[in-house]
Amino acid sequence: MKSMVKVQKASIGKRLIKFWPLYVMLLPCIIYYILIKYVPMAGLLLAFKDYSYKKGIFGSPWVGWRYFETFFTSYDCTRLIKNTLVVGLIKCILEFPFAIILALMLNEVRNMKFKKVTQTITYLPHFLSTVIIITMLQRILAPGDGVLNQIIAQMGGSGDTFFLMESKYFYQILFSMDLWRNIGWDSIIYLAAIAGVDSSLYEAAEMDGCGKLKRMWHITLPGIRGTIGLLFIMGIGGLLSSGFEQIYLLRTPGNMDLADTLDVYVVRIGLLGGQFGYATAIGLIQGIVGLIMVVTANKICKKITEVSLW
Amino acid sequence: MSKMQHLQKGTKVKRSPGERIIQVIIYLVLIAICLLIVLPCLNVLALAFNDGKDAARGGVYFWPRTFTLENFQEVFKNKGIIRGYGITIARTLIGTFLSLLLLSLAAFALKEKELPGRTFINFMITFTMLFGGGTVPTYIQYRKLGLLNNFWVYVIPGLFSVTYLMMMRTFFEGIPDSLEESAKLDGCGYFGIYAKIMMPLSKPVIAVVGLYTAVGHWNDWFSGAFYMMDTKKWPVQTVLQQMLNKAMSQQQITSVAQAIASAGGVTSNALKMAAVVVTTVPILCVYPFIQKYFAQGTMIGAVKG
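These protein sequence lines map, in sequence, to chains A and B. In this text, residue positions in the first sequence follow the numbering used here: the first is 1, and each later residue adds one. In this text, residue positions in the second sequence follow the numbering used here: the first is 1, and each later residue adds one.
Covered, in the sense of this in silico footprint (three residues per stretch, anywhere, with C-beta under 8 angstroms from a C-beta of chain B), are these stretches of chain A:
#, region
1, 17-31
2, 201-213
3, 246-253
4, 264-275
5, 286-297
Keep in mind the hints are simulated off the structure, nothing from the lab. Because the structure is a prediction, the values reported are computed rather than measured. Quick reminder that beta carbons are idealized off the backbone N, C-alpha and C, glycines included.
With the hints as extra help, turn the sequences into a complete structure.
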């Protein structure tokens, strides 16, 4: 203990010398974060510039707020923001309770073998790539010989619905696909949190004649509200930029009007269309709104549940 | 302890009919969820092992009707897919190894509480989780670094991850300081402590992070699709994505028409299903080994992230 105090009092210069091997170890990490993360952050200046390949980001002429004005007055703007918000709400809010419910149910299972098998199966889809999942989906939902259509046909339906080509099914498909993939994985953390709830509370409740549902509602849920809050904050941060891979891969000529979110649009006009400045401006809006939302959600959450990210 | 057992026994006796119904409902719902996850996978398997033309007639659900291995033979004859596997395996091995090495070195350094600048570095790293340069500036930076059309675009951008760094650091912090102190007294430098004490004791966290990183490499299609113009250097997921892309943009050509147009029993659909199976099997092989670490891994990642 004494030696620790002494070391803390040592001057920065001495500590720098003492720890030099650690800086060598950190060097790749620092270089990585500067080159791969922070230089692109400085590259956000592009949102105010007319990019030319020859002059680079810093040499290109300024255009001020032009891209932002173009975006907010364009016909695409409301449609893109609406699509993005709907997708974000589906993924971050609508799906949110399901993993908690699954965890609560798994927690009630007393047969350990059954529990293990259920967990193994529900965690599995998390490890499949989006490309694989959508290739499977495309086959299962195919008109005519896809399984779903065959079942519909046997039940007396027409059996040739092209689910992926019709925008009215887009949100349902997105929701079920995402839930299918994530429900098990997301439940892990809640299960771990439930395991940490004080078991004497349950015993006391049982003594008082509390039923199963009441115990879940009055003990388990309040017991894990910190975890729920944390995950909620993180979900809010992704509201404007969620599900790029899925939506990009789910896009078909039939559902283009709904499958165009800000993320997809940025890749489309930026990487594929070459409008670098404009795409950067939209990305910047997304990033800043996301940051503000996380900070706000964190503050609110701190007040309500006394838990926060920082 | 005996009191608790007594209580548990007590509940079993006392369990009311209402409670029992709830229990039954819970089991039924869980079984339904499992079926919803397993059945689509079974369908894909059945289609992969079934004759393509035969499958196009419909009626193949969860078990092949006309069993064949032709689809798999066709997958292994497809040059694009085979090359894709080579690239994927190479990037998974190289990327995972480098990630583990550099992540563990950085985490070991950041564990030292008296390191000048530690708080600042930690903040700067964590901040990248909340805000970033976005798609286009990142692309331009990769171009400047010469990463476009370069194999290393699969490895370098994914070298570090805030979550994995936190997982490792948290694990290292749990290793008793006394071990490190005694090594220091024996004249061990920081590199010696890292190699001789930290690494041998950190197998669990190395396993988890390594396997998560490997799965990430295995499943990535984005960097191939957008940073790699040379189709010969595409990883297998990008090859599959391009096949999917083609299928998704074909408007009204039904799979039946496709089946008739293609020669032999192998249709493009059957080929795709076989490719899906071949691409997923390696993940299913490592899955049982990582499963026991899931709970602790996500806990650290979420709480400290």
